[in-house]
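Enquirer: Using the sequences and the accompanying hints, generate a full structural model.
There are 2 protein chains.
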Amino acid sequence: MSSPESQTETRILEATLRLLESGGGEAVRMSDIAKAAGISRQAVYLHFPSRAALLIAATHHLDRKKDVEARLAPSRAAASGLERLEAYVGAWGTYIPEIYGMAKAFLALAPRDAAAAEAWTQRMEDMREGCEAAVRALARDDQLVEGLTEAEASDLLWTLLSVRNWELLRKERGWTQERYVEVVLESARLLLIRP
Amino acid sequence: MSSPESQTETRILEATLRLLESGGGEAVRMSDIAKAAGISRQAVYLHFPSRAALLIAATHHLDRKKDVEARLAPSRAAASGLERLEAYVGAWGTYIPEIYGMAKAFLALAPRDAAAAEAWTQRMEDMREGCEAAVRALARDDQLVEGLTEAEASDLLWTLLSVRNWELLRKERGWTQERYVEVVLESARLLLIRP
DNA sequence: CCAGTTGCTTGACACGGTGTCAATTGACAC
DNA sequence: GTGTCAATTGACACCGTGTCAAGCAACTGG
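Note that the protein sequences, when read in sequence, are chains E and U. Heads up, the first sequence is in our numbering, so the first residue is 1 and it goes up one at a time. Heads up, the second sequence is in our numbering, so the first residue is 196 and it goes up one at a time.
Heads up, a few of these hints could be off.
In silico lysine-lysine, BS3-like type, Cα no more than 25 Å apart, as pairs [unchecked claim]: (1) E:Lys104 - E:Lys35; (2) E:Lys66 - E:Lys171; (3) U:Lys230 - U:Lys260; (4) U:Lys299 - U:Lys260; (5) E:Lys104 - E:Lys65; (6) U:Lys299 - E:Lys171; (7) U:Lys261 - U:Lys366; (8) U:Lys366 - E:Lys104; (9) U:Lys299 - E:Lys104.
DEER-style ranges, computed between Cβ atoms [stated by the list, open to error]: (10) E:Asp126 - U:Gly218: 19 to 29 Å; (11) U:Arg335 - E:Ala77: 43 to 53 Å; (12) E:Glu69 - U:Arg206: 52 to 62 Å.
Footprint (simulated), chain E over chain U, 3 or more residues, beta carbon under 8 Å [what the hints assert, rightly or not]: (13) 231 to 241; (14) 343 to 354; (15) 382 to 390.
Keep in mind that the hints were calculated from the coordinates and are not lab data. None of the values given here were measured: they were computed from a predicted structure. C-beta: ideal position from N, C-alpha, C; glycine also.
Expert: Here is the structure:
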């Protein structure tokens, strides 16, 4: 799980990310990854016991590469609840496109693979904690809308920010990334801030 | 596609719906359906050329059974834009749970089957037309929020009402169906109605 | 220099699920 | 009876995942 990561492992993970990034999603087979990494298909199994495990390892690799923590720092540092909300929505909204290939692979695998489903659920759970923190900050400022509990408000924000929604607006409906962030930000304000 | 539907075909379709309804989703194999319909696996292929085609036929069967048109009538008949929006959100919001099994199967199949993806996209396209109509009615009443084009407002409503969002709130976060409808309705008002 | 270990290769194979094909059977109609 | 139709059985191809065994090349240490 957390052994120092050999030369070859890194190559496999990098190849995986490369393939996922270029739209692949489901169509990234173990053999594709092996080929991209320049090794045999079987050799991949010497390092990762299953496709699900490889994908999970690849997300960790991606997180380290993208430095998730640094991105969330501004949100955590925000003075007011409103600022915190805005920073969080902005950060996550711009993070989604970078992890979309990964997300797609997980979402496609999840219905058939319990381990993948579990891993994805966990990540979404983590994301929801950010939502909760923002909502709590709003509540502390007495800025949270009436008519929603803190839990409900967190769920609503979490849903609004889901990768699927991003996919719908960006990919299906052709929104630009800028417009997506603008509208989602404004929506979050309308839904969560007391008028 | 639209031949009169034999005895056996009906039995297959009914069996399919029965299995999908009981949570199955992905785990509904051709052999399961055959067994449930009381025929051999191969016989299913005598009536439907592929799993995707069978699922598509099953949605049509479901639509007829659930009488989609009747459900949408109140929305179409609404006098004001606001009423139309409310009727539409209410109707669709209560329809989702009834088609959820079906939707799950499509969503799981779509990444690997172009025909299934196409069929699902088409259905979502139809649903979006309802959103567009509601938004147009709002605009006609001069009630549409500023800052969104009609197309954007339709997309936003369409996204808000997505099956995935329903799934997130109801299945992942444990919301009740009533609360889901209430909150989504109120959200639609907040996002789309000029204050 | 040889022995052992490590990391990879090749090739073969099992499994599960979809989809195809051929031969057969049973029922019903003319 | 003969033909036709709907279904059956059994076998098989294809794909992608995952497993296993044997071999090989390079490095390491005695």
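Enquirer: Are the hints correct? Go through all of them and say.
Expert: Here's how the hints hold up against the structure:
Distance restraint check for Lys104 of chain E and Lys35 of chain E: the Cα-Cα separation of roughly 21 Å lies within the 25 Å cut-off, and the hinted pair is therefore satisfied. With a CA separation close to 22 Å, the supplied pair Lys66 of chain E and Lys171 of chain E stays within the 25 Å bound. Taking the CA atoms of Lys230 of chain U and Lys260 of chain U, the gap is about 23 Å. The hint holds against a cut of 25 Å. With a C-alpha separation of about 19 Å, the suggested pairing of Lys299 of chain U with Lys260 of chain U holds against the 25 Å cut-off.
Pair hint Lys104 of chain E plus Lys65 of chain E holds up; C-alpha atoms about 19 Å apart against a cutoff of 25 Å. Distance check on the hinted pair: Lys299 of chain U and Lys171 of chain E sit about 20 Å apart at the alpha-carbon level, within 25 Å; holds. With a CA separation close to 22 Å, the supplied pair Lys261 of chain U and Lys366 of chain U stays within the 25 Å bound. Proximity of Lys366 of chain U to Lys104 of chain E is assessed by CA-CA distance (about 20 Å); at most 25 Å being required, the pair is judged to hold.
At most 25 Å may separate the alpha-carbon atoms for a hinted pair to count; Lys299 of chain U and Lys104 of chain E meet this at roughly 16 Å. Distance hint check: the CB atoms of Asp126 of chain E and Gly218 of chain U are about 27 Å apart, consistent with the given range 19 to 29 Å. For Arg335 of chain U and Ala77 of chain E, the hinted distance range of 43 to 53 Å is satisfied, since their beta carbons lie about 46 Å from each other. A C-beta distance of roughly 57 Å is found between Glu69 of chain E and Arg206 of chain U, which places it inside the suggested range of 52 to 62 Å.
Counting residues of the region 231 to 241 of chain U whose CB falls under 8 Å from any CB of chain E gives 0; the rule of at least 3 is not met. For the region 343 to 354 of chain U, the proposed coverage by chain E is satisfied: 6 residues have a C-beta within less than 8 Å of a C-beta in that chain, meeting the threshold of three. With 4 residues having a beta carbon nearer than 8 Å to a beta carbon of chain E, the region 382 to 390 of chain U meets the requirement of three or more and the stated coverage holds.
Of the numbered hints stated above, the single one contradicted by the structure is hint 13.
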